[in-house]
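Trainee: For the record, the sequence lines run as chains A and B.
Going letter by letter, the first sequence gives residues 1 to 516 in this note's numbering.
Going letter by letter, the second sequence gives residues 1001 to 1091 in this note's numbering.
Treat the hints as calculated values from the structure; they're not laboratory data.
Be aware that one or more of the hints could be misleading.
[As the list claims (entries may be wrong)] Below, simulated DSS-like cross-link-like pairs (lysine-lysine); rule was C-alpha separation at most 25 Å, straight line:
1) A:97 with A:107
2) B:1067 with A:231
3) A:231 with B:1063
4) A:368 with A:407
5) A:498 with A:97
6) A:271 with A:107
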Amino acid sequence: MPVSESQAVIHTAFARHAAERPEAVALTGRGARITYGQLASASDAYAVELARAGIGPGTNVPLLLPRSARLAAVELAVLKCGAAYVNLDPAWTAERKRLIVDRLAPKAVVTDDASAPGRFTALRLDFDVAEAAARGARFTPPPVAEDDPATLFFTSGTTGGPKGVVVPHRAVTRMFTGPDRLPGFGPGHAIPLVAGLAWDMYAFELWGQLVTGGTGAFAESDPLMPNELRKLVSTAGVDTLWITTTLFNLFVDEDVDCFRGLGRVLVGGEKLSSAHTRGFLRRHPGIPLWNGYGPAENCMFTTTRRITEADCEIPEGIPIGTAVPGTSVLVLDEDDRRLGPGRIGEIVAAGRGLALGYLDQPELTREKFPTIDVDGTPTRVYRTGDLGLFGEDGALRFRGRRDRQVKIGGHRIELAEVEIAARGVAGVRECVVIPLDAPDGTVTGMALFYVAEPGTGENASALDEADLRAELVGQLPAYLVPGIVRRLDRFPVTANGKTDQAELRGLAAAPRRRKR
Amino acid sequence: MAECREDFVDNEYTAPVGRLEETVAGIVAEVLGVDRIGRSDSFYDFGGTSLQAIRICARIESKLGIKAMPLWLFDNDVLEDFVGQLAGAGE
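Using the sequences provided together with the hints, build the complete structure.
Mentor: Take a look at the structure:
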């Protein structure tokens, strides 16, 4: 079988469904109804234009387009050219877009805005999918291998600006194609397309359905709102939902019935809240709820777990589960030795989900993606920097970031350890501990932020700061008790829905009220 | 525990006008954790975040059945204007 025929290649897997079921709906919602046949034909028309602009194997193509069927078709067209697409989120600042485009030094930037790409050529593909499909263009793709780059995701680097994670076709397709593939994708299944365009979970939603013959559904609102979810379930056949932990918690708080009718819900991006998860399971015992964990460097998910109510009672948090298809997970000690159940070490991923590395950063790539000896076999791995351990049941448990180990006054402190203690105090719903830095970079203390359980009945008031502090003083050695303990109504979050650490540092430094 | 509006804004409190404005002011105050919101107060005055905007809109939709977009709170950050947009959308 020639390499381009591999079903692990995104556009080849898509093309098979387009040939078998051209009338099946590929994309729906927001007034669109695009069939597999139309999408295949439109992407050929866009590919002809891209090839004319010099796009071919080995090139990276930044796409600055709004979320749309056209964007999906142009992405397919880039892949058909043997190139990799890079979505630029329209919501980014002009500065971030410019920085990333400069790093890519592309032949062209696909955009409707001629001034956007700076010193690079703007390629306008401003005819829509229906028009593109009507052109009847035919494009013959060059051979593409499953290890060839398909897309790049830019993640925040702590130094030296954003890092471009180069992701091959096989990493995107691996969990959707084998006999043990993830449920909820394929003919008869539909998922809302709501993840940020430049995020790996965008690929999860879109390609998860388009390489299996399923349907992607555009939402009217961005972000997704509870009532919009209801509408997509009843009118677009949506049965599978991926949602960030932050938004999941909000939906459970505000409108827990909005999940009704779904066949499954996948939650992740951040540690789950046991209280919200329990709230969901009690209301929707028939809807499987999955926890998904993983960094972009091991594309989309590394582990998943179907959550049970018993999981919500584990004080250290809900397990993150077992490796997804095409992936294996190890827990290693400081000397790269495998650790057995019950022992904490670094979570390391191997297998078909691994990225090729960081764009133009060979040293960092060697450091984070080393080849190590695993049971006598040299194996390429990704070091997640996360700490975890396997339970006796084989499920992985998350224990925070490795770099969340700090030294204060000579004591080595695992910030996660303080969080686990605080979470065990009755009345604490969620909490996070951040280190406090002196101007010279040394860590001088810790701040604990928490959200209290709402008070009920006789205990009408929520757990106050002094009481929580007293509990911690009673449980922990003095050096583990944070200097600042502060209650919040909820945690500040970033645009991607993760807890905003910078904002928390600001709160720790600021006086009690954010008076303007 | 709601914080005091006057800790965030200096201008005089103007009471919301009409049932819709009153209800929305109540929802916004509840989500932002302040005791009351006046019709000329801005979402930004209280350090409103995008997540709070989502929460406000979800609550408006479930309580009033009016579809509200979180972005509206950033475009029309003053209560009176935001409610004006809501009223337009609800028609």
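Trainee: Tell me, which hint numbers fail for this structure?
Mentor: Result: hint 6 breaks, nothing else.
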